[in-house]
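*Asks:* The chain contents come next:
There are 2 protein chains.
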Amino acid sequence: MLFLNKSEIQKLGQNIIQTSIEKAYEIMLSKDYHMPDRMHTSDGQNSLLLMPCFSGQYFSTKLVSVFPEAVKHGQSVVNGVMVLFDNISGQPLAIMDGAAITAQRTGAVGGLGVKFLTSEKIKTAGILGAGVQGFSQARYLLFNRRIETLYLYDVNLEMAGKMIEKLKQEFFGIDYVITKTAAELVEKSRLIIAATISHTPLFNAESGALRGKTFISIGSYRPDMQEFPDSVIEAADAVFVDTLFAVDESGDIATPLKKQAAIREKIKEFSSLFEKNTYVENSTIFFKSVGMGLFDLTVSSAIYDMALKKKIGQIIDF
Amino acid sequence: MLFLNKSEIQKLGQNIIQTSIEKAYEIMLSKDYHMPDRMHTSDGQNSLLLMPCFSGQYFSTKLVSVFPEAVKHGQSVVNGVMVLFDNISGQPLAIMDGAAITAQRTGAVGGLGVKFLTSEKIKTAGILGAGVQGFSQARYLLFNRRIETLYLYDVNLEMAGKMIEKLKQEFFGIDYVITKTAAELVEKSRLIIAATISHTPLFNAESGALRGKTFISIGSYRPDMQEFPDSVIEAADAVFVDTLFAVDESGDIATPLKKQAAIREKIKEFSSLFEKNTYVENSTIFFKSVGMGLFDLTVSSAIYDMALKKKIGQIIDF
Chain A
1 MLFLNKSEIQ
11 KLGQNIIQTS
21 IEKAYEIMLS
31 KDYHMPDRMH
41 TSDGQNSLLL
51 MPCFSGQYFS
61 TKLVSVFPEA
71 VKHGQSVVNG
81 VMVLFDNISG
91 QPLAIMDGAA
101 ITAQRTGAVG
111 GLGVKFLTSE
121 KIKTAGILGA
131 GVQGFSQARY
141 LLFNRRIETL
151 YLYDVNLEMA
161 GKMIEKLKQE
171 FFGIDYVITK
181 TAAELVEKSR
191 LIIAATISHT
201 PLFNAESGAL
211 RGKTFISIGS
221 YRPDMQEFPD
231 SVIEAADAVF
241 VDTLFAVDES
251 GDIATPLKKQ
261 AAIREKIKEF
271 SSLFEKNTYV
281 ENSTIFFKSV
291 GMGLFDLTVS
301 SAIYDMALKK
311 KIGQIIDF
Chain B
1 MLFLNKSEIQ
11 KLGQNIIQTS
21 IEKAYEIMLS
31 KDYHMPDRMH
41 TSDGQNSLLL
51 MPCFSGQYFS
61 TKLVSVFPEA
71 VKHGQSVVNG
81 VMVLFDNISG
91 QPLAIMDGAA
101 ITAQRTGAVG
111 GLGVKFLTSE
121 KIKTAGILGA
131 GVQGFSQARY
141 LLFNRRIETL
151 YLYDVNLEMA
161 GKMIEKLKQE
171 FFGIDYVITK
181 TAAELVEKSR
191 LIIAATISHT
201 PLFNAESGAL
211 RGKTFISIGS
221 YRPDMQEFPD
231 SVIEAADAVF
241 VDTLFAVDES
251 GDIATPLKKQ
261 AAIREKIKEF
271 SSLFEKNTYV
281 ENSTIFFKSV
291 GMGLFDLTVS
301 SAIYDMALKK
311 KIGQIIDF
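These protein sequence lines map, in sequence, to chains A and B. The working numbering numbers the first residue of the first sequence as 1 and each following residue consecutively. The working numbering numbers the first residue of the second sequence as 1 and each following residue consecutively.
Just chain A, same shape as in the assembly (with noise of 0.2 Å):
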């Protein structure tokens, strides 16, 4: 058996991760896969995730721990593992460091977001939040377009400023600034990316002052979570999910269409674009990702077929 930890994972490079988003988003078109919806434990206030899926010659299912007073312990929230099988012998064939899969698919989700729902001419770009997810988004948009500016909000201004030195050291010749505001980074920034569990909207504006922008939501994974207000949604010309279980499951969707139904009319899946590429430049776009398994499943395969190759990783005896 083959494992993969954090270091090992993030050697293989973003290509080999973003094309295998793309492949996600063509088996969910082909419909040639299996996922049951995601299944979730609750020990008091600990959560346990559990996400299986199968397609063609593997399986694998992501266990996610979210322990929120870790980080009292100098831990991290989220921990993870990731278990690759075979799908004909049903054997175990590797083990991943789920947290770092996460992480790495969950940033070329918004990367592939980027590529098909912004122009290529964008230079300026906003980041809201600063954690795991958030350095991961800013990493995919930055390998996807030519950006001069990067905007960066955080509540914690160490942790932008620590995201910025990381930046720094792999995406060079870029002013990376910190703004005093969410609202003053939604201003600034052609494409907003928010990366955070907040359970209220992280700025207000008019459906004016958001025309002609790309608005990528990658936290508010629950109901009663919501990174943008309402009127990103309003103003949206289409909005697309990577999952249709995200209008149930994120406030981002959820919130705004109890109050106007006619919102649903405007949802595509995100995969519709590998049909037909349907962004009209200059057009208002929001995109909301919840995640799911398919994408850790086509993301692992890759990985472990890669890493088999380069010889990367630790074989141990089963």
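Hints listed in this document are in silico derivations from the structure and should not be mistaken for laboratory results. It is possible that some hints are incorrect.
Which copy is meant is left open, because identical chains are indistinguishable; a pair holds if it fits in one copy or across any two.
Said to hold, decoys possible - Straight-line distance between alpha carbons at most 20 Å, and here's what the computed EDC-like set of lysine to aspartate or glutamate pairs gives:
{"no.": "1", "residue 1": "K72", "residue 2": "D230"}
{"no.": "2", "residue 1": "K121", "residue 2": "E148"}
{"no.": "3", "residue 1": "K31", "residue 2": "D43"}
{"no.": "4", "residue 1": "K72", "residue 2": "D86"}
{"no.": "5", "residue 1": "K168", "residue 2": "D230"}
{"no.": "6", "residue 1": "K123", "residue 2": "E22"}
{"no.": "7", "residue 1": "K11", "residue 2": "D317"}
{"no.": "8", "residue 1": "K6", "residue 2": "D86"}
{"no.": "9", "residue 1": "K162", "residue 2": "D43"}
{"no.": "10", "residue 1": "K162", "residue 2": "D86"}
{"no.": "11", "residue 1": "K23", "residue 2": "E158"}
Please arrange chain B on chain A, whose structure you already have, making use of the hints.
*Replies:* Showing chain B alone in chain A's frame:
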């Protein structure tokens, strides 16, 4: 992170495993655990079981794949991965061979049935089924009782022969006898343990012929499976289940219960024996186990603690 494979798990001995199952029953009595219903997903004829459980210092999830066609590729039908996590930080601590954990803990559940529900003086016992589970049942039976003649029945004579060869290497001074029929085995044994995947009862017998014997059913984990004829549960003075889920999950209880509602009154939780041992010598007993995540948790926790102490296993850089 610690990684433990099959042979490392087997090294740790039967006592530690059986003591962990006793601990699981004590935890059940104390109610100090969180165990959601076993989760299950099927992709065609292949299945994946997901069994999380939280209690005390650790929580765990066992993933078990059941791929019936794997045998055609010369591989085991049942495979699995056991993941043990820290219950304070949510961090994964250990990965273990899930099939080995299942075999050991299921053997010990049967062994504890033998310990509590048979006379210390029994000299004869029979095992129905010479698969992985049948072998494990035999090991824990012989760990608990000084059996003089062990009967074994399996439709596959070659497998029965191989199982006896393996048992002979570990348990000496025992007459091992392969019977021609399941009925012959039942007739000659004071204790009968079935570990098969049978969908129909393995033998027919009048209630009178079953009196004074102890029956343990380890297979029939689905309502469409049944190992023992209805006459077993009818003849039984007492019926024990490892968990009340067994009443609905196993055809060995669900099927006769449909015909005679009064059977329900006989059913007691095995854990009740830890409050008061109600076993009466020479009575007729039926014990049905379907297993549960709590067993996997206490067994893998004890294995983890012991492995760290004895420096067994492979440490992986997570």
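*Asks:* Taking the hints in turn, state whether each one holds.
*Replies:* Outcome of the hint check:
no. : hint        : result
1   : K72 x D230  : neither (34 Å within a copy, 56 Å between copies)
2   : K121 x E148 : within (11 Å within a copy, 84 Å between copies)
3   : K31 x D43   : between (34 Å within a copy, 13 Å between copies)
4   : K72 x D86   : between (38 Å within a copy, 15 Å between copies)
5   : K168 x D230 : neither (34 Å within a copy, 73 Å between copies)
6   : K123 x E22  : neither (24 Å within a copy, 65 Å between copies)
7   : K11 x D317  : between (23 Å within a copy, 15 Å between copies)
8   : K6 x D86    : between (22 Å within a copy, 19 Å between copies)
9   : K162 x D43  : neither (33 Å within a copy, 44 Å between copies)
10  : K162 x D86  : neither (40 Å within a copy, 28 Å between copies)
11  : K23 x E158  : neither (37 Å within a copy, 47 Å between copies)
In summary, the numbered hints that this structure violates are 1, 5, 6, 9, 10 and 11.
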